[in-house]
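S.K.: These are the residues of each chain, in order.
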Amino acid sequence: MRIGVFVCQCGTNIAGTVATDKVAEAALAMRDVLHAETLQYTCSDPGQRAIIDAVQKKGLTRVVIAACSPRMHETTFRRTIGQAGMNAYMMEMVNIREHCSWIHSDIDTATDKAIDLVQKGVARVRRQVPLYSTTVPVTRRVLVIGGGVAGIQAALDIADSGLPVTLVERGPTIGGNMARLDKTFPTLDCSSCILTPRMVEAKQHENISLMVNTEIEQVRGYIGNFEVDVRKKATCVIEDKCTGCMICQEKCPGKAPDEFNAGVGQSKAISIPFPQAVPLVAALRKEHCRRFIKGKCGVCKKVCPADAVDYEQEDEITTEMFGAVVVATGYELYDWREAYPDYGGGQYPDVVTSLQYERMLSASGPTAGHVQRPSDGAEPKQVVFVSCVGSRDESVGRPLCCSVGCMYIAKQAILTKEHIPDSQSYVFYIDIRATGKGYEEFTRRAQKEFGAIYLRGRVGKIYPSNGQLVVMGTDTLSGGPVEIEADLVVLATGFAAARGAGELARKLNISYDQYEFLSESHPKLRPVETTTGGIFLAGACQAPKDIPDSVAQAGAAAAKVIGLLSRGEIETSPMVAAVDQLRCIGCFKCRDVCSYNAIEALELRDGRQVAKVIDSLCQGCGVCNVACPPSVVSLKGYTDNQLIAETMELLR
Amino acid sequence: MAILVSSTVADGAAVVAEIERRSGERVSACYQCGRCTSTCTGSFVFDYPPHRIMRLLQLGQVDEVLNSRTAQLCFDCMTCSTRCPMNIDVANVIEHAKMIADERGIEGDEKDVRLFRLAFLQNVRRHGRLHEARLLTWINLRSFKPFNDLELVPLILRKKKIHIVPPRIRNRRQLHRIFREVNSGDKS
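Chains as they are written, first to last, in this note's numbering: chain R, -1 to 650; chain B, 71 to 258.
Honestly, the hints are just simulated from the structure, not real lab data. Heads up, the beta-carbon is just placed ideally off N, CA and C, and yes, glycines get one too. Take the hints with a grain of salt, since some may be wrong.
To be verified - Derived coverage of chain R by chain B (criterion: at least 3 residues anywhere in the stretch with Cβ under 8 Å from a Cβ of chain B; other residues may be distant):
1. 391 to 397
2. 450 to 458
3. 469 to 480
Claimed, not checked - Here chain R is said to cover these stretches of chain B; the calculated rule only asks that three of the stretch's residues, wherever they fall, bring their Cβ under 8 Å from a Cβ of chain R:
4. 127 to 140
5. 152 to 163
6. 177 to 187
What the hints assert, rightly or not - Distance windows between CB atoms, simulated:
7. B:Val75 / R:Leu649: 33 to 41 Å
8. B:Asn137 / R:Gly343: 52 to 60 Å
9. R:Glu392 / B:Thr111: 22 to 30 Å
10. B:Thr111 / R:Gly343: 18 to 26 Å
11. B:Val75 / R:Glu569: 57 to 65 Å
12. R:Gln512 / B:Thr111: 28 to 36 Å
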C-alpha cells in the first residue's frame, strides 16, 4: 500500500494557524505513507498537477488531501486522481480549514489537531476499496406544479425542447395571479393581453398535458425517476364534454364567494372564473352548492346543453413517472386582517387590498373597470395607498420586503388618475424600492405626471367618520403627523407563500423557510435548484418577486431540467448500502426503515430470503446500517471498519 | 446650520448607551417609518414627535432630547410602543431620557411639569397612594403661586373630593422596595 498525503496551505487560510510543513513531516511517519508535501493552493492547476505527478512517479495507490471541507473540493480532487489513473474514490479529504485553522488561534494546538485529523484520514483511506458508480436511465418527462406565469413559462420552455410536460394546477384555470392583474408595471401593458396567449399556447402545445383542479398527493423516488400520485378533484363537470357556454353559471341559484376577483363581487356555486380561463370548463364547488348542502336542486344538470354535469363524480388518483419537477406554486396576498386591527381588521368595506383594487380597475372585473367604492358604489375622489402592510413589520412577524409593493402602488396611483381624472392619490411609503429596469422613472412619473402625493411615513390608524375614512399617518419629511379624509384606502399587502406550500415541500422533501417560501440550494450559485436533486424552483414560491424575475427564473429552471434530462441517464453515487447476503438473517428491518424504498427481498437458491439494495434508489443515508441487528448492512466508503479505524486513531 | 454628525454621534454615544442600557431598547432598530408619530396623543404639545426623538438619539443629539418638551411632557400613553413595527418600546426610551434629564437637574421649559412629576412621586412614596391636599399645597408653595386655584378649595371640600387626613396603606415595606428597585435603574 502506497499512500500520499498532500497538505494544503490555502494561502494563509490554513497556513496562518496550522504549521503545514510540520503536518506533512508528521504524515511521513505514518504507516504506509511514502509521500507527503505541502502545497500553496492544492485546488489550483499547479496544485493538482503536483498530485498527479506524485501519484505517477511514486506509484501511489491512495491519497489523503488535508485541505478545506469536502463540500468544497471533493469532486475536484476525485477528478484529479482519476486523471492520475487511480480509482476516483481511493482518496480521502481531511478538513483542516473549517474544522481546524478557521476556528483555532493557537498554532501549536491547531497543528497537533491537524496531525490527528490527517492520521484519522490515513487510517480510513487504508481500508478504502475502489468504488464504481453506475448509471440509471431517467424518465424523460417533466412535472410542473403550479400554472401561474412561472409555471406556464417553464412548461412551454421545456415542452419546446421536445420533452413531454405535465402542468398541474390546483385551481380551475391556469394563469395564476397574473391573470387577475389589470396592468403591469412599468409599461402599463394589459396583463391578460400578454398572458392569455401564453395560456392558450400551453393548452395547445402537443408536449404539454394540462391538469387543472389537481393536487399532488404523494411523491416517491428521486432525481431522474420520481413516482408521483396526483389527485384530480371532483368538480362534477366532465371536462371533455363542457363547452364553456356558461349557461350553468347563469342559471345556478347558489351564491359563492368570487375567489378570482379576490372577494369583490360574487360568483356562483358552478362557475368559470373568467371568460379567458384555460381550460374553459366550469367547476362546481360542493361547499356552496344547494344540491350538496340541502340535497335539493339540479338546475345546472338540467340546463347544460352538453350533458357535462355529473354529480356522482369522484376524486381520481393517478400515478405517473417524471424525471424532474419544477415547483412554481407562487404566492398569495398576506392576510392582513388579524394583524392590523388599527386599519379596521377588515371591518371597513372601503379599506381594500391591492389585489381587490386591481380587480376594481380591471375592465374584465366585477365593476367592468369602473372604480366604485364597495360601501356605496360611489366613485372615490380621495384615494390613499398604504405601503408595507404585512411587510417590513417585525411586530406582526413579517420583517421581509414584498419587493413589488412600491411598484404596484405607483401603477395603481397612475391608473386611478386615468380612471378618475379629478381624483387625488396619496401614497404613504417608507422607502421607495424601484430597482428594476425603468422602475425608478415609473415611480417618478406617478408623482410628476399623475400628481400622486407621496408622504414618507407609515399609517398608524384608520377610522370611519361621516361616510369617509380618516387616515392618520406621518410625513417624516415635513416632520409630523398628518391626516387624510379618504374615500377609499388601498392596502399594499405583502406576499405570503401560497396556501399549503410547506405541506407540498414536505411531500417533495425540499426545504422551506419560516414564511413557507421554498429554499434554493445556494442563494448565489444555485438559485433555482432545491436541496433535493431533480427538483427546481420558479417564481414567487421561492421569495416575493415580480413578473420579469419569475419568468426569468422559470426559463432558468427549464434550462436546468432540459440539461438534466438530455443525457438520458444519470450517474449514481457508488456510496450506497450493501448487504452481506451470506450473513443476512432476512428480518427486513432495513427495508422497514428505508425512506427511499431502496431495499427489496431476494430469494437465494437455497430458498433463503435476504435483503438486497437497489443501488439506483439508495441515497446512502445509512439508516439501514444502524437498524440491522446482525450489522451486515454497510455503507460503501463508510464501512464499520473504516469508522472504527478512524475512531481508534483519535482515541490513541 | 449643518449639524456636524461626526461629532454629535461621538459626543452623545455615552448618554445614548445609558438610555439603551436602562430601557433595554436599541435606538438603531428604528427605521424612521413614523408610525409612532402618526397616532401620538401628545405630539400637539411636543417640540419633537416621537420618531424625531429616536432620530436625534441615533445621531447622538442627546442635549436636544434631554432638554426637549417631549421628554418633559410625554405622558406615557404607550400608543407609540403599541404601534411600532420594530417592537421598540418608544415610550420607555422617552421615559428614560426624562429620568436622565431629572438626574442631571435639567429643568427645561416646563418647570411646573417637572415640579409636579417630582412632587407626585414623592407624595406617593410617602403615603403609598396620592394625598391630593398635600400635593396641591406643596406645589402651590414650591411654584411660588400660593393662591393658585384657591377658590376651588371650599367646593371640593364640600363635595368630599379631597381628604385632609393622609391615606394609609398596608404593606409599606413592599412599596419602598418597589421604589428602590425602580431607582436602581436596571431593566433586565
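S.K.: Now tell me, hint by hint, if it's right for this structure.
M.R.: Okay, the hints, checked on the actual structure:
Beta-carbon proximity to chain B at under 8 Å applies to 4 residues in the stretch 391 to 397 of chain R; the threshold of 3 is reached and the given coverage holds. Residues of the stretch 450 to 458 of chain R with a Cβ under 8 Å from some Cβ of chain B number 5, which satisfies the need for three, so the listed coverage holds. Residues of the stretch 469 to 480 of chain R with a Cβ under 8 Å from some Cβ of chain B number 9, which satisfies the need for three, so the listed coverage holds. Only when three residues or more bring their CB closer than 8 Å to a CB of chain R does the claim for the stretch 127 to 140 of chain B stand; here the count is 0, and the claim is violated.
A count of 5 residues in the stretch 152 to 163 of chain B with a Cβ less than 8 Å from any Cβ of chain R is obtained; the coverage claim is therefore met, three being the minimum. Restraint check on the stretch 177 to 187 of chain B versus chain R: 0 residues with Cβ-Cβ distances below 8 Å, three needed, restraint violated. Look at Val75 (chain B) against Leu649 (chain R): about 60 Å separates their beta carbons, and that is not inside 33 to 41 Å. Judged by the Cβ atoms, the range 52 to 60 Å given for Asn137 (chain B) and Gly343 (chain R) is violated: they are separated by roughly 40 Å.
For Glu392 (chain R) paired with Thr111 (chain B), a C-beta distance near 23 Å keeps the hint of 22 to 30 Å intact. The given range of 18 to 26 Å is respected by Thr111 (chain B) and Gly343 (chain R), whose C-beta atoms sit roughly 21 Å from each other. A hinted range of 57 to 65 Å for the beta carbons of Val75 (chain B) and Glu569 (chain R) is consistent with their spacing of about 60 Å. Gln512 (chain R) and Thr111 (chain B) have their C-beta atoms about 35 Å apart, which keeps the hinted 28 to 36 Å range intact.
Hint violations for this structure: numbers 4, 6, 7, 8, all remaining hints satisfied.
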